Amino acid sequence: MSSPPALDFPSSQMDDVPMADGTEESFPNAPPPGNPLFLAATPSVNGTPSQRRFNPAESSPLRGATARRALGMSTPKPKTPLFIGGSSSPMAFPSSTPSRTPQRRAQIPSDRPQDSDPLDFPSTPVATPKNRRGDIHSSLVITPTASLRRTARSRTTNLNSDASNLDIPGSSGPNLSAPAAQSDEPDEIRAIWGTTVNLAETMKLFKDFFKGFKPKYRVSHDRSLGLQTRAFTSPEEGEVILYEGYLRRMRQTGETNLNLDVNNLLAFPPSKKLHSQLVKYPQEVIPAMDQVLKDMMLEIADMDQLAGMEGMQGDEAEEEIADIMGRIYKVRPFGLPSVNMRNLNPTDTDKLVCIKGLVIRATPVIPDMKVAFFRCLACSHTVQVEIDRGKIEEPHQCPRDVCASVGTMNLVHNRCEFADRQVIRLQETPDAVPDGQTPHTVSLSVYDELVDVSKPGDRIVVTGIYRSVPVRSNPRQRTLKSLFKTYLDVVHVKLGAGNALGFDKSTRPAGGDRVPGVGGLGDGGDEDEEREGRQSRKAELEQKLKEVSQRPDVYSYLARSLAPSIWEMEDVKKGILLQLFGGTNKSVAKGGGGGGPRYRGDINVLLVGDPGVSKSQILQYVHKIAPRGVYASGKGSSAVGLTAYVTRDPESKQLVLESGALVLSDGGVCCIDEFDKMSDATRSVLHEVMEQQTVSIAKAGIITTLNARTSILAAANPVGSKYDVNLPITRNIDLPPTLISRFDLLYLVLDQVDDALDRRLAQHLVGLYLEDAPTAEAQDIMPMQELSAYIDYARSKIHPVISEEAGNELVNAYVEMRNMGDDPRASEKRITATTRQLESLIRLSEAHARMRFSDFVEIEDVKEASRLMREAIRTSAMDPRTGKIDMGLLNTGTGSGQRKLREDMRKEILALLEGKSRGVKWAEALKLLGEQSSVKVDPVEFGEVIKGLENEGILKVTGEREKKTIRKIEA
Amino acid sequence: MSSNISDALQNPSKVLSDLYQQHSSLPLHTFPATVTAHFTHIFQSQHALEQIPALDLHHPPESFPPRSLVAFNCMVQDTSLSQDLYLGVKPDGSCGGWGIEDNPALPVADDKFDHANLREASVLWAVSIPGLSDWCHDAKAGAPAQPPVLHQPHKYPLLDVAHVGVQLKIYDENIARPLRTTDLLSFVGILTSEAISSNVIELSHPITVPTLHVLFATPIMRTIIPRSFPEPSILSDIDSLRTDLVDWVAEEGLAGDRLTAEWVLLSAISRTRSRQPPIMPLSLTVTKFPSCPNDPNAVPALYHVLSQIFPLVVTLPLALDTLNQGAFYPVSKDEDLHSGFLQQPKGSLVLITEGAVTEGKVLEQGAKNFLSIQEMMKSQTIDYVYPFSNFSFETDLNFLVTTEGKKSTFFKTDVNIPLRPTRSSGLVEELYKPIQSIRLPPQEKISRFRQLVGGSKIGNSVLAESLSQHVEDDFVRERATVKEETKQFSADDLIIRMVVARLVAHSLHRAEVTIDIWERAKELEKQRETRS
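Just so you know, the protein sequences line up as chains A and B, in that order. Counted from 1, the first sequence has number 11 at position 11 by full-length UniProt numbering; the numbering is strictly sequential. Counted from 1, the second sequence has number 51 at position 51 by full-length UniProt numbering; the numbering is strictly sequential.
If we strip away everything but chain A, and leave its shape as in the complex, we get (with noise of 0.2 Å):
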């Protein structure tokens, strides 16, 4: 029989310890009562199971054995380090008792236990920590064991415990072939009432899974699920005790909880049944692994003692043991995988459930009490009563055979024992909502470490006990009815994290609120996050945006899937699904120290067309995917915090609003419709916003720069609403040049009308909308959902490095760029690419490589980088007088052939003018230069060239309006 020590504790003998036994063990050592007036008469709680009084079972002898053990609390007192130092002799008193368990284990069979005599009890320190878990509510209450051989081990003989230092360790090899060896010891005698299930039996199991627990098991057992598992860099990492060195980590930092990944339990093959134990009893599981636990800690301690490891060495070893010793240990089981919070039903009363949700709300610290004391106010007797299933009974009469007085217990409020308390409402995240139904919350009481953990705002995942119980019913009500509430009593509290809407860590400070524990959490960071059963989910979604990004065609389909119910527009979409991956952000790091400059990877991009083309349309699908993606028009705006005017429009007399300020993200997408509507105020910002990614602000004094790495989707009529295609763009658009060279991609969506393309259009609109039952056509698009899934998973996954080849070709492609402008018959050269083109290029083809989730930049990506700037360059850059491509006209407003048209205009100004002193009228110069010109004398254009002739202090233009006059200067 592999029996391990610690199971072997025979209920016959326990019952045989008298109860005075163990008390008056306790006697000699215990300190001498720093407070005897009030302590001696104060029987220690520990010593006085009163929750048993309330079970109906206790008659039954299952219930009376669990009952017994309960009361064992107050033994481990022995074991402080004042009785170890001592002058009893530990010899002794392992011979004293055949058995290995001392009669320390003292079981006090009390059946009246509140009614501590104090001449009985008159030592028992109340100091000695009870584990007593707001969460649990357990009727278990088992002493400590392994920590009593320990002491009898470490002062006696190293043989003794070398034997049980291999006996320990010997067990959990058998246990893997064979994990229900122990099931049939007849020891039913300690089972949780009502079922099966052995306690004694749970304990060593749990135990030994401590012992046994290695990281290979987990892993095996992850892939026998078909989940992803980390390999290990050593095949030692798989083979360490994975819970020793929590244990030991725990005592060093001091930590009293544990974290406990029940899938843990489950891939360890012995402790199986512990998993379902736990799920179904935790009331009574949690607390016998609790004691194990903490006799665990204990037996490691002393292990480390003996070898002397560093820091348990001597006095601080004692030290160190002591203080494990006054510690309350708590096991936290986390893991099991989540259910819907409207699943629950009153069949989970009492099981260890796990839910997942958002913190909407947290009271303040309760103050909940523990153990009410209780003072005759006749005799002065005083006593403690715990509270049992969240109630204290108030006793009612005065144990005291010889007071006995009724209704005189008073209760002392500052004598009482408080642990803290929280209740949280926990509300259904939006993603676990079925559609069309509103959010359902329940109520969650955390305690303890646990309290003011999560905040708030928090997505939390909880695993607690599931509670039903009866309210009293409103007494001012005339009819009886019996009502319940349910809440779960957490044990486990994991903060989400990982994706978009988990709490912002930057806002809590560091380290300083974290998740309590040791174990699993906090651990492993996200290696624990994949790992924790909720992975498959998260995994599966990850392999299927892989799978779409490998297809041949993700290109096309990802680009059709954006806003799929507008027409045609390709290369569009295309633009804009690039622009929505973003090019890598980059900073010069060598030289600058670090703090180089930054190089934008945000993609810009302008869309400037005809009323009617879907322009809107596309912005707000757009808004909708983008992470933190902001709309904003002439109309309004999507932002928080936005105010708005009413305004009566001084021309039309009409009442409009307008709006008011643009409210910019950091790390998003900001669609502005009707650009050219924005007041020049606002676009000023813009110039910053694009090309250096901050925003100053300048409030009450203070000079601030905010970052602002937002890529800018904007969309703008023209002016005169329809678009003019003899007149180069910056004359259609009325927007400052400088500010449209900050656009990576310009496209020109012009309503061109079209006979086959509009019977086509046509066709498809009547199929849409005029058929009965309109059904979107069947092609093959991705859902919105996941479209911005993907495109957050490779925004923050992937980061493409531009290869050499790439490089390469994206030299050839800036050069043909440049070249394309070049015409020999023409004498002068146009502008058609600047580095602005070849910075957009690169941000092009990277955010390319990163739609196809590749970590290369290559050829293809660069190629179809230069082939989408191409298409917008010639519908944008294209001059219309030239036909040629001239980005001149983008950067500064004017293409090389108005440029010679105005060289000619001047000219003839000046000619005009010379000679006559007086000046010539604006009108009339505008007059005589169109009679002499073969073409058309644009007026924009005259004022252009006189401005430039003013500025260069040829001219002077005097007069308003009609009266305006040129003169030239004489020098």
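Bear in mind the hints are in silico, worked out from the structure with no lab data behind them. In this text, all values refer to a predicted model and were calculated from it rather than measured experimentally. The reader is advised that the hints may include incorrect statements.
Sample of chain A residues at the chain B side, in silico, Cβ under 10 Å [claimed, not checked]:
#1 Gln252
#2 Pro346
#3 Gly457
#4 Arg648
#5 Tyr769
Looking from chain A toward chain B, a few residues come up when the C-beta cut is under 8 Å (computed) [stated by the list, open to error]:
#6 Ser220
#7 Ile241
#8 Gly436
#9 Thr438
#10 Pro439
#11 Thr441
#12 Gln543
#13 Ser565
#14 Thr647
#15 Asp755
#16 Arg759
#17 Ala762
#18 Leu765
Where a beta carbon is used, it is the ideal one built from N, C-alpha and C, also for glycine.
Chain A is already provided as a structure; the job is to place chain B on it using the hints.
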């Protein structure tokens, strides 16, 4: 059978208990479905249903003795309340739930109950149907005797309007599960008064509210009164009936403007046909609609006219104050879902008047409010605001905006039409005349009007074979011809024209969109365009 009915009417609790005893051998979880089936069966005939006393403003909850059987026609307002736990079997073996009181002699001891007998009941909040026109329910005369006691008035979409609000407890999961907010149903159950089931953590003094323990429920269609399309009884003279209807609306509500009246009707009978591609109800702005100088909040006569023929009509007089105060969309405050004006049942017609809008600042709340209306016009969804997250719900409301200017100050609607009254004197008085001054057509005529619009609202039509070619040709031609004008005929214009054509077909109870209907729609558009 009739004794069954009278038993159920007189003592529903006893019927329930007896039913439980008969079925006590069956598993407990099947009992709620048994109850639903049993009571549905008893009241299966229309006649029997009508015998159940109605819970409404005229018969407020206080007027019924406890545990009466009542029927409540209502709109579900809130489905996010915590579920109620009850003991399915009392300690004495009798039926639990449905608000049946405990036997005081056998109180449920704190832990002496079997968790296996605990059952869940869904708790909802329901309110009288907002905007329900008088003619839809038994017009039994006049205003209620005394002002009703308002329970939880913040859970009703309309401010300061008398209504009945009731807490529903639904035991049969099959009834509760499909329920959504703004659904219209008639719940039949046992009326009691109970503490409010609150999401609030600890309520020291629970409020008592009327509570209906639901036995069974029947859905109410969005036309409130069943309609058919096409309606055979009006088909014979549908053209003249439609003309009469347009004339009457124009005469009484729009100072004789027949074209506007026709557009108003077409807009009002539209509905969401598809969300992908989006085919939403046609929103309409009547521009150049004078405001009432004496009382900017005056309700236009158009509202009274429309509520005579449409079952669900509400009006929203927009002003900066109303816009900036309070949310138009439902908001969850302290885990209690407060209603907002826009929480209306599907099929409602919303008349927004901008007459009271003045110059001034629109605050954040105001901006959110008009944006939520705009969003509803465009995509027929509304966001309920919960802490840290918004939940989007589908709606289906028709929007009609009246404004003084050339276009609405706040909203972009599908169609704008300027009002051209046929008379100029006393125009404002005419447009804002009180309900008493509206001349109603004979009862028989008006009920035919209602049949016409009700049927149109649920209409379905198919495309005539030849039409699609015709539409395509039209489109190509039109784009080629109107080149010189500033605005080109665009795809969006075509979409609206197609929607209008379908509505014209529906308004004529025609199940097919033919070329002549297409031409008629075009004509309507042309007339409208020449005005602006």
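Taking the hints in turn, this is what the structure says about them:
{"no.": "1", "hint": "Gln252", "in the structure": "violated, 38 Å"}
{"no.": "2", "hint": "Pro346", "in the structure": "holds, 4 Å"}
{"no.": "3", "hint": "Gly457", "in the structure": "holds, 5 Å"}
{"no.": "4", "hint": "Arg648", "in the structure": "holds, 6 Å"}
{"no.": "5", "hint": "Tyr769", "in the structure": "holds, 5 Å"}
{"no.": "6", "hint": "Ser220", "in the structure": "violated, 38 Å"}
{"no.": "7", "hint": "Ile241", "in the structure": "violated, 39 Å"}
{"no.": "8", "hint": "Gly436", "in the structure": "holds, 5 Å"}
{"no.": "9", "hint": "Thr438", "in the structure": "holds, 4 Å"}
{"no.": "10", "hint": "Pro439", "in the structure": "holds, 6 Å"}
{"no.": "11", "hint": "Thr441", "in the structure": "holds, 6 Å"}
{"no.": "12", "hint": "Gln543", "in the structure": "violated, 27 Å"}
{"no.": "13", "hint": "Ser565", "in the structure": "holds, 5 Å"}
{"no.": "14", "hint": "Thr647", "in the structure": "holds, 6 Å"}
{"no.": "15", "hint": "Asp755", "in the structure": "holds, 6 Å"}
{"no.": "16", "hint": "Arg759", "in the structure": "holds, 5 Å"}
{"no.": "17", "hint": "Ala762", "in the structure": "holds, 4 Å"}
{"no.": "18", "hint": "Leu765", "in the structure": "holds, 6 Å"}
Going through the hint list in order, the structure does not satisfy hints 1, 6, 7 and 12.
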